[in-house]
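Colleague: Protein sequence lines correspond, in order, to chains Y and A. When we follow the numbering used here, the leftmost residue of the first sequence carries the number 216, and every step to the right adds one. When we follow the numbering used here, the leftmost residue of the second sequence carries the number 216, and every step to the right adds one.
Hints are supplied without guarantee of correctness; some may be wrong.
Unchecked claim - Simulated coverage check for chain A against chain Y, where a stretch passes if three residues somewhere in it have a Cβ under 8 Å from a Cβ of chain Y:
id, stretch
1, 396-403
2, 591-597
3, 719-725
4, 730-737
5, 743-753
6, 760-772
What the hints assert, rightly or not - Only pairs whose alpha carbons sit at most 25 Å apart, straight line, appear in this in silico DSS-like list of lysine-lysine:
id, chain 1, residue 1, chain 2, residue 2
7, A, K250, Y, K403
8, A, K399, Y, K250
9, A, K403, Y, K250
10, A, K250, Y, K399
Since the hints were derived computationally from the structure, they do not count as laboratory data. Since we're looking at a predicted model, the values are computed, not measured. No residue lacks a Cβ here, since even glycine has one placed at the ideal position from N, Cα and C.
There are 2 protein chains.
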Amino acid sequence: MAHHPLIERHQAVLDRAVAALASRDYWSPFPEFPKAYGETAVADGAAAFEALKGGELLTDQPGTDGRVGPGPEQGGEVSPYGPELGIAYPHASSPDALLAAMEAAQADWAKATPLFRAAVCVEILMRINARSTEFAQAVMHTTGQAFGMAFQAGGPHAQDRGLEAVAVAYAEQTRIPARAEWTKPQGKREPLVMEKEFVTRPRGVSLLIGCNTFPTWNGFPGLFASLATGNPVLVKPHPRAVLPLALTVAVAREVLAEAGFSPDVVLLAPELPGEGLAKTLAVRPEVRIIDYTGSTAFGDWLEENARQALVYTEKAGVNSVLIASTDNYQGMLSNLAFSLSLYSGQMCTSPQNLLIPREGVATDQGVKSFTEVVDDLVGAVNSLLGDDSRAAALLGAIVNPGVLDRVERAGKGEYGELALAPRAVTVPEFPEAVSRTPALVVLDAARDELPGECFGPVAFAVAVESAHEGIELMERTVRERGAMTALAYTTDADTEWRVVGACVDAGVSLSLNLTGGVYVNQTAAFSDLHGTGANPAANAAYADSAFVANRFRVMEVRRPA
Amino acid sequence: MAHHPLIERHQAVLDRAVAALASRDYWSPFPEFPKAYGETAVADGAAAFEALKGGELLTDQPGTDGRVGPGPEQGGEVSPYGPELGIAYPHASSPDALLAAMEAAQADWAKATPLFRAAVCVEILMRINARSTEFAQAVMHTTGQAFGMAFQAGGPHAQDRGLEAVAVAYAEQTRIPARAEWTKPQGKREPLVMEKEFVTRPRGVSLLIGCNTFPTWNGFPGLFASLATGNPVLVKPHPRAVLPLALTVAVAREVLAEAGFSPDVVLLAPELPGEGLAKTLAVRPEVRIIDYTGSTAFGDWLEENARQALVYTEKAGVNSVLIASTDNYQGMLSNLAFSLSLYSGQMCTSPQNLLIPREGVATDQGVKSFTEVVDDLVGAVNSLLGDDSRAAALLGAIVNPGVLDRVERAGKGEYGELALAPRAVTVPEFPEAVSRTPALVVLDAARDELPGECFGPVAFAVAVESAHEGIELMERTVRERGAMTALAYTTDADTEWRVVGACVDAGVSLSLNLTGGVYVNQTAAFSDLHGTGANPAANAAYADSAFVANRFRVMEVRRPA
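Generate the whole structure from the sequences, applying the supplied hints.
Modeller: Okay, here's the thing in structure tokens:
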């Protein structure tokens with residue numbers, strides 16, 4: 216049988232992706248700069264986004280009884296930069312309607328080969344990639360990310376994570392061969408010979424519960440891991456960030472239909488205000504897999520209540536930085552200033568608690584006292600963010616009122632003495648946008664309790680007795696609060712040995728001595744795992760075998776040869 | 216650094232095992248006939264077993280406050296063949312004592328490389344293998360298996376399943392390399408270069424809850440999967456089948472200590488009558504992984520209550536056989552008679568419901584009516600089991616009073632009209648042994664409800680309207696009751712296509728047209744998966760990636776090169 220054209224088209228990139236998983240060197244088929252998409256790509260994306268406004272998406276979905284949006288009172292989105300999006304999405308008459316459509320659609324998708332499903336998934340990602348500047352607008356105006364970040368993190372980097380999941384899924388499904396012959400010697404008698412077939416079978420409906428801040432980057436791993444293993448995927452977007460996943464669903468449905476499958480293998484389930492749809496869907500018996508990114512409270516609720524499903528959660532944590540010593544003081548300050556400022560600290564990977572020995576830090580510029588380090592870090596942030604236009608391009612906008620409330624309380628000194636007060640930034644082109652530079656609060660571990668998660672542009676410079684105490688605090692924070700990242704600066708082999716050991720034991724990945732163009736907030740698909748699944752912040756990682764291998768099961772058919 | 220001698224010794228067999236996983240052809244390093252272990256091996260094993268009687272095992276375990284056994288009133292075992300074993304095991308003063316010892320022991324084991332841990336596990340299996348005839352006695356006198364089966368299933372075949380788990384664990388832990396370099400081009404600027412280390416970390420204490428009938432075969436996969444991934448393993452044996460796992464734990468502790476680890480990485484937790492220790496241990500926060508084989512009720516309880524742990528269960532099911540048509544009637548009858556008789560049907564894989572079209576079965580000897588098929592199967596069973604000595608070597612002894620009660624009720628006609636009444640068999644050398652030939656009950660699907668699980672030597676010949684109805688009943692039984700196996704006889708391509716589809720959809724593996732020396736009850740490590748994890752009988756399979764990949768997590772340490 217000749218291969219489907221999609222297999223011919225994408226086999227090479229799939230094989231390359233599988234190879235990248237094993238080498239873990241840098242690799243991506245998706246360029247991360249807009250200009251690679253053509254001279255007019257940015258303008259084209261903006262125009263495409265404008266054309267979406269006031270329109271309606273996914274009008275072909277089954278079981279619809281009305282619309283979500285376009286107005287905010289009907290669940291329509293309002294950009295953190297000000298404008299209403301005014302886009303309407305289909306509202307399902309009931310979960311039954313959606314789930315019945317998916318169950319009707321799933322058989323053919325389940326029966327397709329892992330290779331064909333992978334090729335369909337790659338095609339979906341390639342079409343999304345071609346529209347990266349449009350997705351950038353959609354991500355920007357739902358998350359508040361600045362355009363540059365919305366493009367990279369919401370576009371090619373999210374596509375990388377999706378492709379990574381497809382590659383892991385393909386590798387896992389083909390680890391056991393589709394056919395095998397089994398010949399068992401029987402001494403002088405004829406051997407026993409059996410022919411065996413191994414058939415993968417998906418679990419059932421997979422539910423993606425999207426998040427507000429990274430709808431595509433955090434959504435694509437679960438979506439594509441489930442889809443590539445044959446499960447239909449119901450996408451329940453965050454009410455403030457529907458558009459990026461609605462566009463994703465639309466592309467997926469288009470490609471599925473073209474490849475001969477029912478488009479209802481992928482459906483969107485947006486909700487009206489107050490509907491609480493995620494809770495309803497999560498405990499439906501048809502739902503066998505759930506991927507979730509968001510608050511610890513709802514993640515814990517899912518783990519406790521969605522007993523019929525495999526539940527993969529990324530919740531909240533407190534990320535620590537140990538500043539023990541450095542041979543590149545300026546590089547450290549610049550790197551930290553950038554990490555604290557990027558997207559106003561509204562990343563699950565943003566550093567929060569900076570642990571600095573009270574007696575000071577040995578640097579290439581001599582020993583710097585605790586106060587000097589704090590002051591110099593304040594200086595680095597101010598230098599980075601002094602110009603509003605440049606600041607806005609890094610900070611973006613505050614994603615929701617909860618974050619704004621926290622930064623305002625920090626600004627009033629409610630979290631402790633301020634080394635750096637947050638400042639309102641005017642965003643060019645978007646006078647209504649709410650943007651803030653980060654607050655830096657000074658605490659002393661001898662006196663103050665270490666803060667829990669404070670999502671947004673609030674960081675804490677915490678005086679500690681020694682590097683040793685800093686490591687202990689970091690380890691305890693990871694164990695008790697969870698963490699998505701950890702960062703340490705040290706030139707001392709013993710301190711490095713201790714902090715590595717503490718992080719491995721506590722279950723968090725560690726970045727050491729970042730002073731250049733790699734930031735603790737960022738992980739690269741095909742190389743860095745995102746999360747560890749070994750501390751309370753997340754029970755899984757993007758994307759290892761454990762994230763994918765249980766999304767399908769293997770049935771065997773054997774017969775005498 | 217030079218490799219540890221255990222690595223030198225076992226690297227080749229480990230590599231061969233990993234290769235076997237991918238090819239799924241027959242392979243085993245463990246000979247399955249006693250004579251391969253030396254002329255005197257059987258006698259030596261019997262003598263070693265006799266020497267254990269009246270003695271005490273694992274006297275070096277920590278936290279002990281007394282003994283379990285030797286008498287039955289203290290939890291000592293009584294052989295299904297009659298004799299008391301009279302062996303004493305250590306009783307822990309409390310779960311705290313055991314768990315504290317394991318937590319103290321676990322750090323060094325967690326820090327060993329996956330390769331070293333795999334080599335230690337292979338050494339444990341090799342030493343167990345060398346004592347296979349002694350393990351055969353231990354399995355025989357705790358499960359009631361006949362010696363030949365106790366040797367094979369309790370010895371080399373169990374060791375195969377253990378080695379398979381070690382191989383999957385080694386492969387999974389080395390899928391992400393221990394070190395990688397990541398070089399990201401930056402256009403005209405210097406590339407970003409990072410050095411990355413990936414460190415596997417175990418989850419924590421792993422609890423093995425052993426079963427009565429196959430303590431080693433069903434115990435080794437979870438035990439070795441957890442041990443090879445760095446988790447300490449607490450072995451809670453079934454109260455009637457302590458010895459085989461006590462010997463296993465003793466060998467593991469010996470090898471661990473010789474390799475420089477604390478022996479407390481593996482501990483045995485036998486219990487006094489009525490102690491209910493499994494429930495207590497299963498919900499301890501230190502316990503992060505549970506492997507269980509046994510009743511559906513307790514398996515469901517574990518899944519519901521042991522929320523802090525990954526829970527892998529193999530529970531109960533109803534295995535069906537469709538008899539639609541055959542081109543080898545005598546071979547089919549002989550094969551089925553053997554499968555029904557082997558270990559008195561006391562296998563989770565034994566066939567139970569034989570679905571036979573009411574209008575008869577096309578065979579190479581003409582069309583056989585329902586009644587003829589039933590009569591001929593009765594004849595085949597009687598021919599196989601006519602001689603008590605030969606029968607006992609196949610049937611073994613009834614494992615416990617619950618099974619005996621069921622077969623006696625069947626014999627009284629309580630389950631339906633009897634085509635074959637069970638017969639008491641006298642076991643040579645063991646006049647006290649309770650042994651029974653299987654009962655065959657005749658039902659009609661048009662009139663009778665299909666029976667649920669009836670573990671033991673009771674099978675049902677069920678008249679069905681057609682092969683098509685038989686397939687529907689088989690599929691519904693798998694979905695509603697669960698199944699570990701399915702078997703179908705058909706010479707018709709359409710029927711085969713339907714039954715394959717039904718089994719894949721319902722989530723059970725299927726054997727077709729077994730008429731020779733391969734039986735539906737048996738699965739071969741490195742080739743056949745045991746269970747599918749896709750129907751209510753089990754939530755996992757021996758041993759795919761999903762069974763192993765989540766028993767450890769991966770931490771990353773990255774730094775600029």
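Colleague: Would you pick out the hints that fail for this structure and give their numbers low to high?
Modeller: 2
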